[in-house]
Amino acid sequence: MGILSKKIVRYILRNLGQFFAAVTVVMCGIVIYVAMSSSYSNLKQAKDDFYSKNNFADYYFHCVKAPDSVVGQIANVPGVRSVTGRIQKDLSIIKKNEERATARIISYIIPDDNELNKINIIDGRLFAEKIGGSIPEVVLDPRYYTANHLKFGDEVSVIIDAKEKYLIVVGAAIGPEFIYAMENSSDILPDPEKFGIFILEKRQAQQLLNMTGEINQLLVQYEAGAEQNITIEAIKEVLRPYGLLASFPRSDQLSNAVIDGELKELSSVATVLPLIFLVIAAAVQFIILRRMINNQRSQIGLMRGLGYHGYEIIIHYIYYALTIAFTGVAVGVVLGIPSSNYFSKIYNTYFNLPGNLQGLAIRPIILGLSLCLLISLLSALTAARGIAGILPSSSMRPEPPKAGDKSWLERHIKSLDKISVGWKMTIRNMFRNKVRTLITQLVVIFAVGLLVCSFFLNDAADFMMRKTFYESQNYDMTIRFDTMQPERELLNIGRIDGVQNVEAFMEIPVRIYYQGRYEDDVLIAYDTNLSMKKLENTKGEQIRIPAEGILLNQRTKDKLGVAVGETVEVETLLSYGQTNWSKTFIFGSVNQMIGAGSYIDLRQANQIMKEQDLVSGAMLKVDEDKISHVETEINKMLEVSSILQQRKEVANWEQLLQTLDISTGIISLFGILLGLAIVYNSSVMNMSDRRREIGYMRAIGFSVNEISRLLFRENIIYLIFGTILGLPFGRQLVAAYMKSVENDLYTLPVIIYPRTYVLATVGGIIFVLIAHYLSTKDIRKMDLVEVLKIPE
Amino acid sequence: MEHKVILKLERVTKIYEMGEVKVEALKETSLDVYAGEILVILGPSGSGKSTLLNIMGGMDLPTSGNVFFENQDISSGSETVLTHYRRNDAGFVFQFYNLITDLTARENIELAANLVAKPLPIDEVLKEMAMYERKEHFPSQMSGGEQQRISIARAVVKNPRIMFCDEPTGALDYQTGKLILELLKKINKERGCTIVLITHNAAIGGMGDRVARMRSGEIVEITENASPLSPDKIEW
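These protein sequence lines map, in sequence, to chains A and B. Throughout the first sequence, residue numbering follows this note's numbering, covering 1 to 792 in sequence. Throughout the second sequence, residue numbering follows this note's numbering, covering 1 to 236 in sequence.
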């Protein structure tokens with residue numbers, strides 16, 4: 001080891017606390033970067049590979065019914081590379097315990113070599129090509145399979161045309177279209193006990209569903225370089241005679257949209273947050289080095305006098321910054337890998353992807369290291385740039401003592417003359433070290449902001465839960481029928497013992513047209529006297545269902561660019577019966593946090609459907625102790641396709657909140673570590689710069705605690721401004737973050753509970769107190785005689 | 001004449017351990033400081049006078065032996081006792097002034113005044129030191145002599161029973177040094193404050209009521225001045 005390297009190593013060993021403070025900041029950035037980037041690249045890679053190996057379709061077309069032969073016609077449309085025709089239909093499941101669930105039946109062609117959306121068997125086997133027995137074989141998605149404790153050879157029953165039909169489970173499979181298996185976009189979370197993908201061999205499915213020789217869904221993959229819009233229009237033309245319903249690109253496919261949303265969120269966190277940490281790390285290294293160089297002017301002079309080149313001395317200081325960067329990256333990578341595995345584990349529980357998503361992504365590590373080295377190099381060069389110009393003689397003289405003066409603040413605010421001497425010392429010291437003060441203060445503001453962000457996650461989820469389950473709803477159960485039913489059916493439900501009240505609804509998937517643009521949405525129809533659900537406009541004011549016109553979802557309204565009072569055209573997209581067209585006007589807009597959904601009066605919905613008194617489901621208010629009884633009774637009705645209990649949904653949410661606790665814990669830990677590192681660093685420098693003052697004050701009779709309190713004032717100022725500015729900054733950070741991750745599936749409100757502000761403030765107090773304790777604990781050990789010996 | 005002992009050192013030793021080398025800076029030194037006197041401790045560099053002053057002033061602890069201030073043992077090692085002593089009974093004047101650069105002259109004095117229950121009025125002390133006009137100046141705007149006067153004012157404002165001055169003229173020119181010594185003499189006379197002054201300048205010994213000479217960590221001689229000189233009569 002060269003002499004200069006030894007000098008740096010010894011400096012680090014003598015000032016370990018300061019070294020680790022800087023390392024901590026680098027480490028936090030790298031942990032976040034490695035964890036998030038690895039998770040991102042693992043998830044993205046797994047998804048992309050899966051999509052490509054399993055021929056994930058580019059576009060989806062639904063129609064009421066079309067002959068198998070239409071597949072050949074579409075295959076001939078210019079721009080189409082492959083096409084798969086299949087049946088997709090939702091059916092009710094009757095579980096062993098009589099509970100209801102929904103099966104999304106998907107027909108599957110074997111051999112599947114040239115088909116789209118191929119599946120991978122992960123347990124059991126694929127259905128036999130020639131089925132001997134009369135009971136069709138079914139392959140399930142793994143979540144439903146596991147959640148319902150099913151195994152090879154088990155029977156499951158579904159309702160088809162009001163009759164119970166049996167299927168034999170032969171395996172579980174994953175597929176690119178149900179990586180995230182959720183029934184529809186208005187659900188908040190997947191519920192594998194209530195919803196499953198049921199894959200049947202195509203002819204079996206056709207036979208079972210009385211659709212022999214027919215299909216109702218086409219999946220298409222484009223040829224490279226295809227004129228996609230022309231191709232889509234051509235396909236629609238082919239399908240129009242068969243009752244063309246919804247059609248959408250891959251980006252709107254629910255499972256894909258959820259994963260893309262997650263990837264977007266990961267990538268924005270993985271880019272912005274580490275970058276901020278690294279910028280802070282650069283700033284910290286800059287202030288440490290600048291001070292070190294100032295304090296070592298005579299050493300630098302000596303070295304230059306001995307004949308060292310300026311650049312050799314600069315390199316010597318650069319080593320210090322690079323040591324910080326290397327150590328920070330090393331620790332960051334070591335901690336980042338298990339964090340990345342932790343995130344991957346969470347993704348594994350939500351996403352059905354092949355492999356376990358784990359694995360070390362080398363790219364972010366190399367990139368992180370390069371970035372850290374680069375910023376360390378830059379900050380060191382900036383701090384050391386003056387060295388080369390210093391003549392040996394001038395740097396042999398110590399830097400003259402800083403001239404004391406009144407601070408800018410005191411010169412402008414006369415009343416500050418009256419503050420105590422201790423406060424004056426504090427303010428003047430802070431103003432004298434402007435760069436250090438400014439950087440420390442900005443980082444404390446950021447750290448408090450980060451704490452706000454971390455606790456906000458819980459607020460948002462809790463707010464959404466409260467709003468959805470407690471404030472805007474007043475029912476205990478939702479039931480849905482497999483097809484529209486006459487409203488009088490509800491009378492039977494109302495008569496069940498324990499049911500207090502029943503309110504009907506109708507859900508119609510629609511396409512809303514306005515001035516050449518269109519958006520798919522779901523019209524949810526209630527009676528105008530709706531009492532079990534509250535609707536809110538964008539201002540949070542309660543609004544009622546109008547007798548005429550639509551309360552349009554704000555997101556749909558924004559996309560269409562339609563104003564209140566204007567007329568839109570509505571096309572129904574039900575998978576049965578005829579397509580209906582109708583014109584209506586926009587009555588107002590409604591704020592919907594999750595999923596799609598615009599509101600309309602039940603009678604008007606019937607008019608759109610050209611029907612009378614039909615409903616598709618109902619909300620029930622039930623005696624608390626009779627909920628199970630009511631569910632059992634309703635389970636006996638074959639036309640009911642699903643029953644949702646609010647309390648089970650709440651339990652699901654609470655489970656999600658628990659996983660959020662860990663994220664909150666990790667982010668707040670980083671916030672506290674960051675604040676701790678910066679305040680500690682500043683305090684240590686302060687202590688060391690003021691050693692003589694402190695020694696002198698002890699000599700004239702200040703106690704250790706009094707001096708500690710005096711030094712603490714600086715940290716109090718950081719804390720006060722850190723809180724005053726950090727809390728609103730945190731709010732802005734949250735808003736920017738929400739904006740960056742907003743998608744069609746949900747809009748999270750920027751709701752921050754007062755509790756979060758209190759917690760962030762407490763977090764700030766904690767890191768300031770710890771930093772102060774760590775940096776001043778050695779005052780007691782200070783050798784007064786030694787300190788006071790040195791002349792200024 | 002019977003003297004009242006304000007500070008008493010009994011067989012005080014101080015050994016510094018520097019790695020494997022032990023340096024005995026004070027060798028079983030005993031000394032009585034009388035209330036109201038000016039005691040000048042003379043000695044060359046390395047004779048142990050600063051070590052002795054630091055132990056007397058409660059800034060350092062002896063390796064063995066005892067130090068009593070008005071019969072209270074201040075060498076027990078208790079931080080509370082030492083802080084109380086430095087705060088309420090002792091005042092310090094250093095060779096390099098040790099003013100706080102961020103505070104004005106008046107604020108430096110105020111910092112010390114805030115430590116005691118009944119400080120002297122700051123402005124009066126400033127006038128006494130002929131520094132009232134300079135009270136709003138920062139240390140960097142003052143000459144060495146002015147800084148030392150503020151340093152003395154800062155010690156005086158607490159109205160201490162005893163003042164320790166460590167080479168108070170060491171960093172000053174001849175004329176200014178004499179002015180500072182005059183001030184110290186005045187404080188001793190008018191306020192009855194005991195003054196212990198250490199110096200290597202033998203001429204200053206002339207102003208002390210007693211002079212203790214030190215060599216190699218020992219007091220080799222204590223002499224009484226029957227008629228101490230006025231500082232303006234001292235030449236060096």
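No wet-lab data here; the hints were simulated from the structure. A hint or two may mislead.
[Claimed, not checked] Below 30 Å or equal to it, Euclidean Cα-Cα: the simulated DSSO-like pairs (lysine-lysine) are:
(1) B:K135 - A:K789
(2) B:K118 - A:K406
(3) A:K434 - B:K27
(4) A:K626 - A:K96
(5) A:K414 - B:K4
(6) A:K163 - A:K610
(7) A:K53 - A:K163
(8) B:K8 - A:K789
(9) B:K185 - A:K418
(10) B:K8 - A:K406
(11) B:K135 - A:K414
(12) B:K27 - A:K781
(13) B:K135 - A:K7
(14) A:K414 - B:K127
(15) A:K777 - B:K22
(16) A:K434 - B:K135
(17) A:K781 - B:K22
(18) A:K789 - B:K27
(19) A:K626 - A:K7
(20) A:K418 - B:K22
(21) B:K4 - B:K22
(22) B:K185 - A:K6
(23) A:K264 - B:K118
(24) A:K418 - B:K135
(25) B:K8 - A:K418
(26) A:K406 - B:K186
(27) A:K781 - B:K8
Against the structure, the hints:
no.: 1; hint: B:K135 - A:K789; verdict: 26 Å, holds
no.: 2; hint: B:K118 - A:K406; verdict: 28 Å, holds
no.: 3; hint: A:K434 - B:K27; verdict: 49 Å, violated
no.: 4; hint: A:K626 - A:K96; verdict: 21 Å, holds
no.: 5; hint: A:K414 - B:K4; verdict: 50 Å, violated
no.: 6; hint: A:K163 - A:K610; verdict: 28 Å, holds
no.: 7; hint: A:K53 - A:K163; verdict: 38 Å, violated
no.: 8; hint: B:K8 - A:K789; verdict: 25 Å, holds
no.: 9; hint: B:K185 - A:K418; verdict: 34 Å, violated
no.: 10; hint: B:K8 - A:K406; verdict: 44 Å, violated
no.: 11; hint: B:K135 - A:K414; verdict: 17 Å, holds
no.: 12; hint: B:K27 - A:K781; verdict: 25 Å, holds
no.: 13; hint: B:K135 - A:K7; verdict: 44 Å, violated
no.: 14; hint: A:K414 - B:K127; verdict: 25 Å, holds
no.: 15; hint: A:K777 - B:K22; verdict: 28 Å, holds
no.: 16; hint: A:K434 - B:K135; verdict: 26 Å, holds
no.: 17; hint: A:K781 - B:K22; verdict: 21 Å, holds
no.: 18; hint: A:K789 - B:K27; verdict: 22 Å, holds
no.: 19; hint: A:K626 - A:K7; verdict: 79 Å, violated
no.: 20; hint: A:K418 - B:K22; verdict: 51 Å, violated
no.: 21; hint: B:K4 - B:K22; verdict: 36 Å, violated
no.: 22; hint: B:K185 - A:K6; verdict: 53 Å, violated
no.: 23; hint: A:K264 - B:K118; verdict: 68 Å, violated
no.: 24; hint: A:K418 - B:K135; verdict: 16 Å, holds
no.: 25; hint: B:K8 - A:K418; verdict: 42 Å, violated
no.: 26; hint: A:K406 - B:K186; verdict: 33 Å, violated
no.: 27; hint: A:K781 - B:K8; verdict: 26 Å, holds
Hint violations for this structure: numbers 3, 5, 7, 9, 10, 13, 19, 20, 21, 22, 23, 25 and 26, all remaining hints satisfied.
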